[in-house]
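Based on the hints, put chain S in the right spot on chain R.
So the sequences go chain by chain: R and S.
Read in order, the letters of the first sequence correspond to residues 1 to 567 in our numbering.
Read in order, the letters of the second sequence correspond to residues 1 to 71 in our numbering.
Source of the hints: derived by calculation from the structure; they are not laboratory data.
These numbers come from a predicted model, not from an experiment.
One thing to keep in mind: the hints can contain errors.
Claimed, not checked - Covered by chain R, according to a simulated footprint, are these stretches of chain S (three or more residues, beta-carbon under 8 Å):
#, stretch
1, 8 to 20
2, 23 to 31
3, 40 to 49
4, 57 to 69
Unchecked claim - For each label pair, taking beta carbons as the anchor points, the in silico distance ranges come out as:
#, chain 1, residue 1, chain 2, residue 2, range
5, S, 33, R, 242, 40 to 46 Å
6, S, 50, R, 361, 39 to 45 Å
7, R, 9, S, 8, 43 to 49 Å
We put the CB at the ideal spot given by N, CA and C, even for glycine.
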Amino acid sequence: MRVLEVDGHQLERLASTTLALTRRLELVSAPVLTVAHGAEVTGPAAVAAAGAAVRRRAACLARLRALVRALALALHVYAGVEQRLTAAFANVREPVGLPTWATATTVPAVPEPALVELLAGLRPCDLDALLVSSPALAAVVVAADSGGARGGAGAVERYRSLGPEQLLRLALLHPVTWASARAAPPAARYAANRVLVAADLDAALTRLASAPAGEARARLGRAVAQRREWLHGSVTLRGAQGSVRRRRHQLLHFDPRGDGEVVEVLGALGRARHVAVFVPGTGSDLRRYPGTLARMRPFAAADPRLAVVVWQGADFPDQPFDDGVLPAREHVVAAAYRDAADRAGPALAADVADLRRAAPPGADVTVLGHSYGGAVVGSALVHGLTADRVVHVSSAGTEDAPSRAGGAQVFSMTAPDDPIQLAQAHDLDDAPQHLARISPPALAPEAAALGLALRALVPGEQVGHGADPDLVPGVVRLDTGRFDGTDRLVRGHSGVFTPGSTAWRNLLATMTGEPVQVLEPERWRTHLEPWSVQLDDGVPRLRPPHYVVDRTPWSDPRYRPPQRPSG
Amino acid sequence: MQPVPTTSAWAVRLRAAAADVRDVARDLTRAADDVGLRGPAGEAMQHLVDDVAAQVRALAEACDRAAEGRS
Numbered sequence: 001m002r003v004l005e006v007d008g009h010q011l012e013r014l015a016s017t018t019l020a021l022t023r024r025l026e027l028v029s030a031p032v033l034t035v036a037h038g039a040e041v042t043g044p045a046a047v048a049a050a051g052a053a054v055r056r057r058a059a060c061l062a063r064l065r066a067l068v069r070a071l072a073l074a075l076h077v078y079a080g081v082e083q084r085l086t087a088a089f090a091n092v093r094e095p096v097g098l099p100t101w102a103t104a105t106t107v108p109a110v111p112e113p114a115l116v117e118l119l120a121g122l123r124p125c126d127l128d129a130l131l132v133s134s135p136a137l138a139a140v141v142v143a144a145d146s147g148g149a150r151g152g153a154g155a156v157e158r159y160r161s162l163g164p165e166q167l168l169r170l171a172l173l174h175p176v177t178w179a180s181a182r183a184a185p186p187a188a189r190y191a192a193n194r195v196l197v198a199a200d201l202d203a204a205l206t207r208l209a210s211a212p213a214g215e216a217r218a219r220l221g222r223a224v225a226q227r228r229e230w231l232h233g234s235v236t237l238r239g240a241q242g243s244v245r246r247r248r249h250q251l252l253h254f255d256p257r258g259d260g261e262v263v264e265v266l267g268a269l270g271r272a273r274h275v276a277v278f279v280p281g282t283g284s285d286l287r288r289y290p291g292t293l294a295r296m297r298p299f300a301a302a303d304p305r306l307a308v309v310v311w312q313g314a315d316f317p318d319q320p321f322d323d324g325v326l327p328a329r330e331h332v333v334a335a336a337y338r339d340a341a342d343r344a345g346p347a348l349a350a351d352v353a354d355l356r357r358a359a360p361p362g363a364d365v366t367v368l369g370h371s372y373g374g375a376v377v378g379s380a381l382v383h384g385l386t387a388d389r390v391v392h393v394s395s396a397g398t399e400d401a402p403s404r405a406g407g408a409q410v411f412s413m414t415a416p417d418d419p420i421q422l423a424q425a426h427d428l429d430d431a432p433q434h435l436a437r438i439s440p441p442a443l444a445p446e447a448a449a450l451g452l453a454l455r456a457l458v459p460g461e462q463v464g465h466g467a468d469p470d471l472v473p474g475v476v477r478l479d480t481g482r483f484d485g486t487d488r489l490v491r492g493h494s495g496v497f498t499p500g501s502t503a504w505r506n507l508l509a510t511m512t513g514e515p516v517q518v519l520e521p522e523r524w525r526t527h528l529e530p531w532s533v534q535l536d537d538g539v540p541r542l543r544p545p546h547y548v549v550d551r552t553p554w555s556d557p558r559y560r561p562p563q564r565p566s567g
Numbered sequence: 001m002q003p004v005p006t007t008s009a010w011a012v013r014l015r016a017a018a019a020d021v022r023d024v025a026r027d028l029t030r031a032a033d034d035v036g037l038r039g040p041a042g043e044a045m046q047h048l049v050d051d052v053a054a055q056v057r058a059l060a061e062a063c064d065r066a067a068e069g070r071s
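Okay, chain S solo, but in the shape it has when bound:
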């Protein structure tokens, strides 16, 4: 395996992207918190938001892994 230049320009761009993506996940969670989804249907909607936020965080981790060259 070749050593990955973690300070290379593309790795830096990916790490920055990961940070921005995490911000999106945080803002999505915050938006749902601000609304305060209540009741059975509201809770279901909250679960959907949580599920998608988890997917967004997983994208951030994938960006970090790509920046480090590990799958």
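The shape of chain R in the complex, shown without the other chains:
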């Protein structure tokens, strides 16, 4: 393994040599102490010179020990090396002042001012490279910043007077402060979040080293791989004309606690004419994040003027068995509650305001919410989100945000058979009727009774997501259409994200302010099939309620939906 582009054994040798040199320096420079503390030196100049030498010696030894520590921490990426170092140096005697790694099997992430001071002498680009490649070093820097080190919040407020190099250095040395600093420029936040990711990688590697075989270990392995991708990987955007743009990952926010939060920018935010913020739906967590990123990458690739921000900056409702169990409020049940959207909305509104400030003047902003993300966007509108365009994509609901809240033009897109329609605009008030409607006719009375019971037993004020965005006056409904060159309609809850369809182009058009193709609802007809039992190879199976398309204008090969400007 050559993580540092240095053979691990060679680095181990350098660490060993440096430790030995520390010991040697302590011994050979000992006369400085005896002379300074003896009575032989007389005269103010000589005494001052001896005192200066003593101070220089102390500083020098501190730097050497910090270097040993830095080398040892860098070695953490090499599995097993640290344990050999521990065995080799555990018997080294005082007064060298053994670094703590020599007696520990894992590195405690505690503030180490001497080490951080040593790192502060590096050029920012070197510091960036070192911290990204040495997660244990990053953990020490994060611990130092968490301890309230200097150069944090005050520097963020004064950032406008700082040059790019100073900004980068401060962000790297004070990652906790700068990663979430709303006033900080994106480049500084990207750098700070890289250090946070590296520190989290260190923690994951430590846990992985002692994790027993099984699912937990496999999950840790995936977490390690994901963080390495964020640190060492890149996002490649391939345009339709063969252009290729490649950037390292740009995380505006990272928090591994709980299900985890992440906000990533695809494209050049600082040069963007259009900024699109995408909020995914139920089950969005760090584990599923790569799938969301993959959905958004083609949009970012389609237009170099477009920066797409994947926003998972809050805790989303879980999907079933995410934590190995099916608690009472999982999946459809948890997703029915609006509390997560209520918490996420203010954070989204604030982040969009930051993005607007970070983008060039005049850049337009589109905020898109898919499924539960639609409810998050609705909540953000209630909490002051300002955007040029808002798009509800297979949205759970508007959270009763006014259709022109924040001055935005609101669009909505729902595939004709999207099961989200089973949830749109429903809450506990209409539970008896709704449950009866989706049940087999013979069981409708029992289903209605169940609905009545739910309405009586479940606290209802947090259930449901307000109006169906497709039906709110003033909202422009977008056609999901069909896939190019086929007669296959775009279907389901997430089919709109597959490139090469009417729906996908409509989404891109809302992001870039191009004309959109609008839905003609009067030319469509669908009906709801309730729960039923169907024979599958002679085996009876339950078929959940689903929508069936009875009529579509796309059955006419010449059909073209009407267009209208989106900007």
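Relative to chain R, chain S alone:
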């Protein structure tokens, strides 16, 4: 200012210490050269080593200055 007896025993000890300290700085630099730190992170590590070696050389100079009684 009193004249400093640069041939006194303590001054000789300090000069010897300065020479030994310089050897430490040289060996540290040589150790890093032997490893051949490469790549962006390796270069950063090389800068750290260079920085510390410079500090060690500064200690040697401080020893020499103390031996001569000048600050």
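Problem - Hints violated by the structure (numbers, ascending) - result: none
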